[in-house]
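Number of protein chains: 2
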Amino acid sequence: MPDIRIFETVEEAKTTVLQRRSLDEMDASPQAQTRLAELFGEPLTPEQAVARIIADVRANGDDALLAWTYRLDGAELDSPIVTKAEIERGWENTPRELRQALTTAADRIRAFHEREQHGSWMDWQTGEALGQIVRPLERVGIYVPGGQGAYPSTLLMAAIPAQVAGVPEIYVVSPPARGQDTPANVTLAAARIAGVTRMFKVGGAQAIAALAYGTESVRRVDKILGPGGLFVVLAMRQVFGSVGIAGLPGPTETLLIADDSANPELVAADLLAQAEHDVLASALLLTPSRRLAETVQKEVAEQLAGLPRHKIIAGSLARGCGIVLVRDLDEALELANEYAPEHLCLLTEDPWSLVGQVRNAGGVFVGETACEAMGDYIVGPSHIMPTGQTARFGSPLHVRDFLKVTSLFSIGIHTLQQTGPQAATIADAEGFQAHAAAIRRRLRGT
Amino acid sequence: MPDIRIFETVEEAKTTVLQRRSLDEMDASPQAQTRLAELFGEPLTPEQAVARIIADVRANGDDALLAWTYRLDGAELDSPIVTKAEIERGWENTPRELRQALTTAADRIRAFHEREQHGSWMDWQTGEALGQIVRPLERVGIYVPGGQGAYPSTLLMAAIPAQVAGVPEIYVVSPPARGQDTPANVTLAAARIAGVTRMFKVGGAQAIAALAYGTESVRRVDKILGPGGLFVVLAMRQVFGSVGIAGLPGPTETLLIADDSANPELVAADLLAQAEHDVLASALLLTPSRRLAETVQKEVAEQLAGLPRHKIIAGSLARGCGIVLVRDLDEALELANEYAPEHLCLLTEDPWSLVGQVRNAGGVFVGETACEAMGDYIVGPSHIMPTGQTARFGSPLHVRDFLKVTSLFSIGIHTLQQTGPQAATIADAEGFQAHAAAIRRRLRGT
Numbered sequence: 005m006p007d008i009r010i011f012e013t014v015e016e017a018k019t020t021v022l023q024r025r026s027l028d029e030m031d032a033s034p035q036a037q038t039r040l041a042e043l044f045g046e047p048l049t050p051e052q053a054v055a056r057i058i059a060d061v062r063a064n065g066d067d068a069l070l071a072w073t074y075r076l077d078g079a080e081l082d083s084p085i086v087t088k089a090e091i092e093r094g095w096e097n098t099p100r101e102l103r104q105a106l107t108t109a110a111d112r113i114r115a116f117h118e119r120e121q122h123g124s125w126m127d128w129q130t131g132e133a134l135g136q137i138v139r140p141l142e143r144v145g146i147y148v149p150g151g152q153g154a155y156p157s158t159l160l161m162a163a164i165p166a167q168v169a170g171v172p173e174i175y176v177v178s179p180p181a182r183g184q185d186t187p188a189n190v191t192l193a194a195a196r197i198a199g200v201t202r203m204f205k206v207g208g209a210q211a212i213a214a215l216a217y218g219t220e221s222v223r224r225v226d227k228i229l230g231p232g233g234l235f236v237v238l239a240m241r242q243v244f245g246s247v248g249i250a251g252l253p254g255p256t257e258t259l260l261i262a263d264d265s266a267n268p269e270l271v272a273a274d275l276l277a278q279a280e281h282d283v284l285a286s287a288l289l290l291t292p293s294r295r296l297a298e299t300v301q302k303e304v305a306e307q308l309a310g311l312p313r314h315k316i317i318a319g320s321l322a323r324g325c326g327i328v329l330v331r332d333l334d335e336a337l338e339l340a341n342e343y344a345p346e347h348l349c350l351l352t353e354d355p356w357s358l359v360g361q362v363r364n365a366g367g368v369f370v371g372e373t374a375c376e377a378m379g380d381y382i383v384g385p386s387h388i389m390p391t392g393q394t395a396r397f398g399s400p401l402h403v404r405d406f407l408k409v410t411s412l413f414s415i416g417i418h419t420l421q422q423t424g425p426q427a428a429t430i431a432d433a434e435g436f437q438a439h440a441a442a443i444r445r446r447l448r449g450t
Numbered sequence: 005m006p007d008i009r010i011f012e013t014v015e016e017a018k019t020t021v022l023q024r025r026s027l028d029e030m031d032a033s034p035q036a037q038t039r040l041a042e043l044f045g046e047p048l049t050p051e052q053a054v055a056r057i058i059a060d061v062r063a064n065g066d067d068a069l070l071a072w073t074y075r076l077d078g079a080e081l082d083s084p085i086v087t088k089a090e091i092e093r094g095w096e097n098t099p100r101e102l103r104q105a106l107t108t109a110a111d112r113i114r115a116f117h118e119r120e121q122h123g124s125w126m127d128w129q130t131g132e133a134l135g136q137i138v139r140p141l142e143r144v145g146i147y148v149p150g151g152q153g154a155y156p157s158t159l160l161m162a163a164i165p166a167q168v169a170g171v172p173e174i175y176v177v178s179p180p181a182r183g184q185d186t187p188a189n190v191t192l193a194a195a196r197i198a199g200v201t202r203m204f205k206v207g208g209a210q211a212i213a214a215l216a217y218g219t220e221s222v223r224r225v226d227k228i229l230g231p232g233g234l235f236v237v238l239a240m241r242q243v244f245g246s247v248g249i250a251g252l253p254g255p256t257e258t259l260l261i262a263d264d265s266a267n268p269e270l271v272a273a274d275l276l277a278q279a280e281h282d283v284l285a286s287a288l289l290l291t292p293s294r295r296l297a298e299t300v301q302k303e304v305a306e307q308l309a310g311l312p313r314h315k316i317i318a319g320s321l322a323r324g325c326g327i328v329l330v331r332d333l334d335e336a337l338e339l340a341n342e343y344a345p346e347h348l349c350l351l352t353e354d355p356w357s358l359v360g361q362v363r364n365a366g367g368v369f370v371g372e373t374a375c376e377a378m379g380d381y382i383v384g385p386s387h388i389m390p391t392g393q394t395a396r397f398g399s400p401l402h403v404r405d406f407l408k409v410t411s412l413f414s415i416g417i418h419t420l421q422q423t424g425p426q427a428a429t430i431a432d433a434e435g436f437q438a439h440a441a442a443i444r445r446r447l448r449g450t
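Protein chains in written order, with the numbering used here: chain E, 5 to 450; chain H, 5 to 450.
These are computed hints drawn from the structure, not numbers from a lab. Wrong hints could be hidden among the right ones.
Which copy is meant is left open, because identical chains are indistinguishable; a pair holds if it fits in one copy or across any two.
[Claimed, not checked] Mimicking SDA-like on lysine to any residue, the simulated pairs with C-alpha atoms at most 25 Å apart in a straight line are:
hint	residue 1	residue 2
1	K302	L76
2	K88	R119
3	K88	E173
4	K302	E42
5	K315	D432
6	K302	D282
7	K315	A63
8	K302	W125
9	K18	N64
10	K88	G170
11	K315	R444
12	K302	E120
13	K302	R313
14	K302	G449
15	K88	E434
16	K88	I10
17	K88	R39
18	K18	L81
19	K18	E142
The structure displayed is predicted, hence computed values, not measured ones.
With the rest of the complex left out, here is chain E (with noise of 0.2 Å):
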């Protein structure tokens, strides 16, 4: 039986179990080096595998969007778009029980991001009105996973926010579900709910460049958000700059601090949740207590046995998971904060006083009940985080990623006579003498 290893040393960890790759070290699985070399008839990296998906979908359009969906994804389509019918179909398919589950889901999100402040602002001074104008992107593609697996829960999380910031135009693409034209019932039901505008039913790095570029059937978009695979993410950072992306997404991770407090039944039931996502997921455990790590290694060999998913999850158990005993809890902070999580849970006896010390996470879930499995679901903030250490300087998506500033500049005579000449200077110094001129000339006017 796989079993979660125990850290001695935060060393040790930090050589290991705490590493992350970054993008450019990530390599496509054998099998799919094979698959790229019989399809491009070469061996490609999946950067130059993605850079010729894009070309051929910025310069073909539909064609080579639908003959990538076929190569790639299996399913032969003669459109890409998602059919108001077939959306409808998927949400009577959908059990009531779920449908009902989702539109809570969706309720809740969109209470938590409501109260987002996020308006426009003017300060009208004596002949001066200076401001920034806040309004809503035009129209935004969200990449849902699927394929093998089918993730309403991401479609709600990122369409809500969006819808919330009054983005009139919210596409989703979503590949098809294994052996099917359509993405799976349950995310067309969550379509449903979320009411997204448009639909595609393409994923991959193909689907990344028909937002970017767009097609005969898909418009191009202002900025593409959403969790993805490498292809999907390689793609992003390819297209960036023409559109908008709001972070690369990689590896989903979840770090625990846990004292002596704890259970360890439910510590070693968030590991497990979190280790099941795919077998690159990080489930980490920080604790002080040789006794915790001891349990809750026990518990995770039990509670593992029971599950469906234990090939995935002992997978990443071998990989970047692990236990690390650390001196205190302050020590675990530190490390937390280095670390900067997408997820941060805190099961200590007083969660509460630990919060402040938190640096770089993209949620922090503090005690027992708030378990990072509920944030994924019903919580309310959207369970899109940043991940690789991005929480240093990345936020989980949240309505602002929705919105774009215009600055408002208008000054009067007074300001111009009193701050010109000074403007003036300051172009001369750096050999702008037009941009000194334009001002006097202005000046000379009053």
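Given the coordinates of chain E, work out where chain H should sit on it, guided by the hints.
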């Protein structure tokens, strides 16, 4: 004498002067290409050259950083660090009047950005505490161009919003002034005024690599901001993800909308001010008035003769500048929104009546007094704004660029009991039974 061209139809302008090249379509100049071939011993694209420089700095730290500074900027340095003494010397060697002008500019930039709202919030409901913790980034790197020119205003426009956000460590990188071993005095003076933490006398892709990955002298930063040339921007795109990148700045653009009421002398002066930045700069006038178009054309030719940078201006006039005749102001606004300019200047009889129609622009300058040159130096809002149509999704540099969000999740037993079963239902539907188990184990405990 070079002319600013008048385009009789919008269609013609759309296929010529209103077209912009994407980052991937930009070539190095023939001289730069020859230089690259010499430096690398083989012809490389700018993208490839940048990748090599980044890899070298990443592997070899300061040694590589200084070697590239020598090869590309001609400065032989012992250390990339600008010392305090060098900054003091720069300050002392900057004329008093210029120091005062920069200080006034700094005060106004600070006053504007302090008015931005960006606080954390929390909402306590029965047994729930949800919210967003908003915190400053810990270390940011600001790129200030140098070499041939000096841009103290850019330093102020980036560093002061960072300071207002509360960023504790603000790094500035700027290449040495031509023939010197530090940036220009006036840039050093601006660094002193803005109170930057540390300044480095390096530029180009090598400086971006040092900020992204760190060297012995440069600690890696969390986010890089500021304008730069082709190599700098390509480097920003390549390191995106390892470090935050606010946007990919391109050549500067100004679009003026003017009617018969506008003063042709000032319109011409504004077009020339914009055209003097560099030969890639775009200065465009949209007007329904043929009379204004023709008078401005004459004024441009006349004013140009007396300007020191007339060669650069002639270069941009021949490329991305022009006067486009439109049917009416509505058509001008429509075209402006499609073009999404960095700067949009409204020189019409009633400019405020047009502001509501502006959808895509970095900054909007309302009326004749609020000219862009004033905004470049002293009005207050940062002059670093989205270019190359990225105003569709990007914003001017503002305080928010220096902040990050952590979502706060805390729920009580009541919320768990009420929504936990539904969360577990969705988890089951997604095939994440360990997620469902983590929730159900908690429900059993209540």
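A quick look at each hint next to the structure:
Neither within a single protomer nor between protomers do K302 and L76 lie at most 25 Å apart by alpha-carbon distance, with minima of 41 Å and 59 Å respectively. With identical chains, the CA atoms of K88 and R119 are never at most 25 Å apart, being 31 Å at best within one copy and 45 Å at best between copies. Taking the shortest Cα distances, K88 and E173 sit within 25 Å of each other inside one copy (16 Å), while across copies they are farther apart (52 Å). Taking the closest pair of Cα atoms, K302 and E42 never come within 25 Å of each other, the shortest separation being 44 Å inside a single copy and 63 Å across copies.
Taking the shortest alpha-carbon separations for K315 and D432, only the inter-copy value of 17 Å comes in at or below 25 Å, while the best intra-copy value is 68 Å. For the identical chains of this complex, K302 and D282 are intra-copy neighbours only, at 22 Å inside a copy versus 67 Å across copies, given an alpha-carbon limit of 25 Å. In this assembly of identical chains, the alpha carbons of K315 and A63 never lie at most 25 Å apart, being 41 Å within a copy and 37 Å across copies at closest. With identical chains, the CA atoms of K302 and W125 are never at most 25 Å apart, being 56 Å at best within one copy and 40 Å at best between copies.
Taking the shortest alpha-carbon separations for K18 and N64, only the inter-copy value of 22 Å comes in at or below 25 Å, while the best intra-copy value is 47 Å. In this assembly of identical chains, K88 and G170 lie within 25 Å of each other by CA distance solely inside one copy; the values are 22 Å within and 48 Å between copies. Only between protomers do K315 and R444 lie at most 25 Å apart by alpha-carbon distance; the minimum there is 22 Å, versus 74 Å within a single protomer. Neither within a single protomer nor between protomers do K302 and E120 lie at most 25 Å apart by alpha-carbon distance, with minima of 42 Å and 51 Å respectively.
Taking the shortest alpha-carbon separations for K302 and R313, only the intra-copy value of 18 Å comes in at or below 25 Å, while the best inter-copy value is 75 Å. In this assembly of identical chains, K302 and G449 lie within 25 Å of each other by CA distance solely across copies; the values are 20 Å between and 83 Å within a copy. In this homomeric assembly, K88 and E434 come within 25 Å of each other (Cα to Cα) only across copies, at 23 Å, whereas the closest approach inside a single copy is 58 Å. In this homomeric assembly, K88 and I10 never come within 25 Å of each other (Cα to Cα): the closest approach is 51 Å inside a single copy and 48 Å across copies.
In this assembly of identical chains, K88 and R39 lie within 25 Å of each other by CA distance neither inside one copy nor across copies; the values are 34 Å within and 57 Å between. In this homomeric assembly, K18 and L81 never come within 25 Å of each other (Cα to Cα): the closest approach is 47 Å inside a single copy and 35 Å across copies. Taking the closest pair of Cα atoms, K18 and E142 come within 25 Å of each other only across two copies (21 Å); inside a single copy the shortest separation is 44 Å, beyond that limit.
In summary, the numbered hints that this structure violates are 1, 2, 4, 7, 8, 12, 16, 17 and 18.
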